[in-house]
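J.: This is what each chain is made of:
There are 2 protein chains.
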Amino acid sequence: MNEFELIERLKKQLPTNEAVKVGAGDDCAVLELGIPDRYLLFKTDAVVEGVHFLPETDPERVGHKALARCLSDIAAMGGDATAALVTLALPLNFDVDWVEKLYVGMSRLAQQHNVSIAGGETTTNPAGKLISIALIGTVPKKACIERSGARAGDAIFVTGELGGSMRGKHIEFQPRLKQGRWLAGKFSVHAMIDLSDGLAGDLRHVLRASNVGAELLSDAIPISKAARLQAREESSSKPPLFAALTDGEDFELLFTVPAREAVPLLDAWKKEFPNLRLTCIGKIVRGSGLKLRDKQGVKELNVAGYTHFDKPSGSS
Amino acid sequence: MNEFELIERLKKQLPTNEAVKVGAGDDCAVLELGIPDRYLLFKTDAVVEGVHFLPETDPERVGHKALARCLSDIAAMGGDATAALVTLALPLNFDVDWVEKLYVGMSRLAQQHNVSIAGGETTTNPAGKLISIALIGTVPKKACIERSGARAGDAIFVTGELGGSMRGKHIEFQPRLKQGRWLAGKFSVHAMIDLSDGLAGDLRHVLRASNVGAELLSDAIPISKAARLQAREESSSKPPLFAALTDGEDFELLFTVPAREAVPLLDAWKKEFPNLRLTCIGKIVRGSGLKLRDKQGVKELNVAGYTHFDKPSGSS
Chain A
47 MNEFELIERL KKQLPTNEAV KVGAGDDCAV LELGIPDRYL LFKTDAVVEG
97 VHFLPETDPE RVGHKALARC LSDIAAMGGD ATAALVTLAL PLNFDVDWVE
147 KLYVGMSRLA QQHNVSIAGG ETTTNPAGKL ISIALIGTVP KKACIERSGA
197 RAGDAIFVTG ELGGSMRGKH IEFQPRLKQG RWLAGKFSVH AMIDLSDGLA
247 GDLRHVLRAS NVGAELLSDA IPISKAARLQ AREESSSKPP LFAALTDGED
297 FELLFTVPAR EAVPLLDAWK KEFPNLRLTC IGKIVRGSGL KLRDKQGVKE
347 LNVAGYTHFD KPSGSS
Chain B
47 MNEFELIERL KKQLPTNEAV KVGAGDDCAV LELGIPDRYL LFKTDAVVEG
97 VHFLPETDPE RVGHKALARC LSDIAAMGGD ATAALVTLAL PLNFDVDWVE
147 KLYVGMSRLA QQHNVSIAGG ETTTNPAGKL ISIALIGTVP KKACIERSGA
197 RAGDAIFVTG ELGGSMRGKH IEFQPRLKQG RWLAGKFSVH AMIDLSDGLA
247 GDLRHVLRAS NVGAELLSDA IPISKAARLQ AREESSSKPP LFAALTDGED
297 FELLFTVPAR EAVPLLDAWK KEFPNLRLTC IGKIVRGSGL KLRDKQGVKE
347 LNVAGYTHFD KPSGSS
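Heads up: the sequence lines are chains A and B, in that order. Here the numbering used here is used: the first sequence runs in plain steps of one and ends on residue 362. Here the numbering used here is used: the second sequence runs in plain steps of one and ends on residue 362.
Among the clues, some could well be false.
Here's a subset of chain A near chain B, in silico, CB distances under 10 angstroms, partners left out [as the list claims (entries may be wrong)]: (1) Lys89; (2) His98; (3) Ala180.
Here are the simulated lysine to any residue pairs, SDA-like style, with alpha carbons at most 25 angstroms apart [as the list claims (entries may be wrong)]: (4) Lys147(B) / Pro172(A); (5) Lys67(B) / Leu79(A); (6) Lys58(A) / Val142(B); (7) Lys224(B) / Glu64(A); (8) Lys187(A) / Asp83(B).
Pairwise CB distance ranges (calculated) [what the hints assert, rightly or not]: (9) Gln157(A) / Glu102(B): 41 to 51 angstroms; (10) Val344(A) / Gln59(B): 54 to 64 angstroms; (11) Ala198(B) / Glu218(A): 44 to 54 angstroms; (12) Leu138(B) / Leu138(A): 20 to 30 angstroms; (13) Gln59(B) / Asn139(A): 18 to 28 angstroms; (14) Val142(A) / Pro137(B): 23 to 33 angstroms; (15) Asn321(A) / Gln158(B): 50 to 60 angstroms; (16) Gln59(B) / Glu318(A): 32 to 42 angstroms; (17) Leu275(B) / Glu102(A): 46 to 56 angstroms; (18) Ala305(A) / Pro137(B): 44 to 54 angstroms; (19) Trp144(B) / Leu138(A): 20 to 30 angstroms; (20) Val142(A) / Ala314(B): 48 to 58 angstroms; (21) Gln158(B) / Val309(A): 52 to 62 angstroms.
Since the hints were made in silico from the structure, they are not lab data. Quick reminder that beta carbons are idealized off the backbone N, C-alpha and C, glycines included.
With the hints as constraints, model all of the structure from the sequences given.
T.: See below:
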């Protein structure tokens, strides 16, 4: 048994109670707390210096990223975010100016989404900076979208463009809260996830949770300019399609709807979100595994998504 | 401006919204989320290797302590805990067995209080281990006890015995959830706080939030055996009374009730909790500051409580 398998095993033995509708393994924990017609969503996410940002990264962007990652998970359930608590673990000689700027970036994003920062704590962490965000939100019970609902025949969609996030998007992306709520409220979204581990990796989380397979259309994958530039400018980099399939931290929404809703969805989307691309990239099929169709035919896609050390378990 | 003052200032500028009833500065954030007759309580707390536990500390006790600290804050509001998320930040070469035992200690305590562990995440932290717990709970609106409600004339009570916690209690204490709920439900508790920074320090938080002063009776302070042993066995240690006033991490409840309820409370407590001491240690007075009355008379108590690096702000 390796370390990640052990943690996975431990998580299955965790104590539960009557309030838990969805525990470890989806984007957020989902809880029944007696709010009329709504579930509570509960999520934590940490960013660590040297892992998720660099010592020289603009602290406003670090604050933005720390909160945005959590908001992206609320978006992937179709929910609204309500309140965050901030845990700052800082070395003893921390720079006060850095902390002030961190809060500027975090507070600006919070205000844009009417999220309160309702407290938190500061503790010491000898090695470096760690920012952990705990976030709660709510979602209408009828519009709470899990990873496990994809069905054979569903069309698979993705927002935005994929790959090359490390060139800048990973630190300044906009969480798709408005889009997630709109989709969950207006269409029969069967499954949804936010792309943190890369398209191939995160789609596999959906497939496994839903007991289905998928076939992607090679030509349809929306490859970002950053992924193309990266391929041109960095000799060691991945081909652009491979980057779009496997680079992490896109923080776009991946979701499935019944095939009959695909065209009405695309039409309505263009009116509602004219500045954000929405692409149908393939379909859910019976069976298991992930296939890619290109001009040469259909082949098994064995590449893994980006594996963060901090995401051993698909995280909750 | 020092670092802690800056963080204090930042916290005052944090974005808020209509859901927040109590933000940074009390034991928990208190939120109105539409749960009939109840508020949501929201709290995070972290323990760090080398600060809150030692590399050689039994990991079951570390897990117990990490969760118990958060539960103690829910207790101090008069609430029930519902669900926790666990953030584990671990060095790359972490010991799997240590993590398994951590979860054993945490899960055992969670089950005792019907708290679910609904997920979380694991991330890397180059220097050492950090465990952050995010916890939600609820409290009847009528029985939600803040720090700010103490009134002149109130009797001040404390559960258990104080001081010397570092001799063992800090890592194995029982959060006073049952007692907090019972007190808030049956008596006119005006203010309540859990003792993490030491009696003198935490009582000052109550006094400042309530705009009142207090007079403690020197002979009434319940001094623990550990504080007495410590004074006898460690030449550099504090006198026992001073330890009871200023040692941190007692995790007992400090609260105030109208003087007329003091005797009925003591009688009812003895029947309900025969194995846990409850002591009236003084009274709330007009004005400000903390005084101690002994055989020589009344003097200003200027000693501070134990100051954790991680509690610069009275934390929320």
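J.: Are the hints correct? Go through all of them and say.
T.: Right, here's what the structure says about each hint:
1. About 7 angstroms separates the beta-carbon of Lys89(A) from the nearest beta-carbon of chain B, less than 10 angstroms, and the hint is met.
2. Annotation: His98(A) was flagged as interfacial toward chain B, and the flag holds, the nearest CB pair being 8 angstroms apart, inside 10 angstroms.
3. The restraint placing Ala180(A) at the interface with chain B holds, with a minimum CB-CB distance near 4 angstroms, inside the 10 angstroms limit.
4. Proposed proximity of Lys147(B) and Pro172(A) is supported: the alpha carbons are some 24 angstroms apart, at most 25 angstroms.
5. The hinted pair formed by Lys67(B) and Leu79(A) meets the criterion: a straight-line CA distance of about 18 angstroms does not exceed 25 angstroms.
6. Among the hinted pairs, Lys58(A) with Val142(B) is consistent with the structure: their alpha-carbon atoms are about 16 angstroms apart, no more than 25 angstroms.
7. Restraint check for Lys224(B) and Glu64(A): the C-alpha separation of about 19 angstroms stays at or below 25 angstroms, so the hint holds.
8. Under the criterion of a C-alpha separation no larger than 25 angstroms, the hint pairing Lys187(A) with Asp83(B) is consistent with the structure, at around 20 angstroms.
9. At about 45 angstroms, the beta-carbon gap between Gln157(A) and Glu102(B) stays in the expected band of 41 to 51 angstroms.
10. Between Val344(A) and Gln59(B), the C-beta spacing of about 56 angstroms keeps the proposed range 54 to 64 angstroms intact.
11. Hint check: Ala198(B) to Glu218(A), Cβ distance near 53 angstroms, so the stated range 44 to 54 angstroms holds.
12. In this structure the supplied range 20 to 30 angstroms holds for Leu138(B) paired with Leu138(A), their Cβ-Cβ distance being about 23 angstroms.
13. Checked against the given bound of 18 to 28 angstroms, the beta carbons of Gln59(B) and Asn139(A), roughly 24 angstroms apart, stay inside it.
14. Range check, Val142(A) to Pro137(B): Cβ separation about 27 angstroms, and the 23 to 33 angstroms hint holds.
15. For Asn321(A) and Gln158(B), the Cβ-Cβ distance of about 52 angstroms falls inside the hinted range of 50 to 60 angstroms, so the restraint holds.
16. Checked against the hint of 32 to 42 angstroms, the C-beta distance between Gln59(B) and Glu318(A) comes to roughly 34 angstroms, which is consistent with it.
17. Judged by the Cβ atoms, the range 46 to 56 angstroms given for Leu275(B) and Glu102(A) holds: they are separated by roughly 51 angstroms.
18. Here the CB-CB span from Ala305(A) to Pro137(B) is close to 48 angstroms, well matched to the stated 44 to 54 angstroms.
19. Judged by the Cβ atoms, the range 20 to 30 angstroms given for Trp144(B) and Leu138(A) holds: they are separated by roughly 25 angstroms.
20. The given range of 48 to 58 angstroms is respected by Val142(A) and Ala314(B), whose C-beta atoms sit roughly 49 angstroms from each other.
21. Checked against the hint of 52 to 62 angstroms, the C-beta distance between Gln158(B) and Val309(A) comes to roughly 55 angstroms, which is consistent with it.
Violated hints: none; the structure is consistent with every hint.
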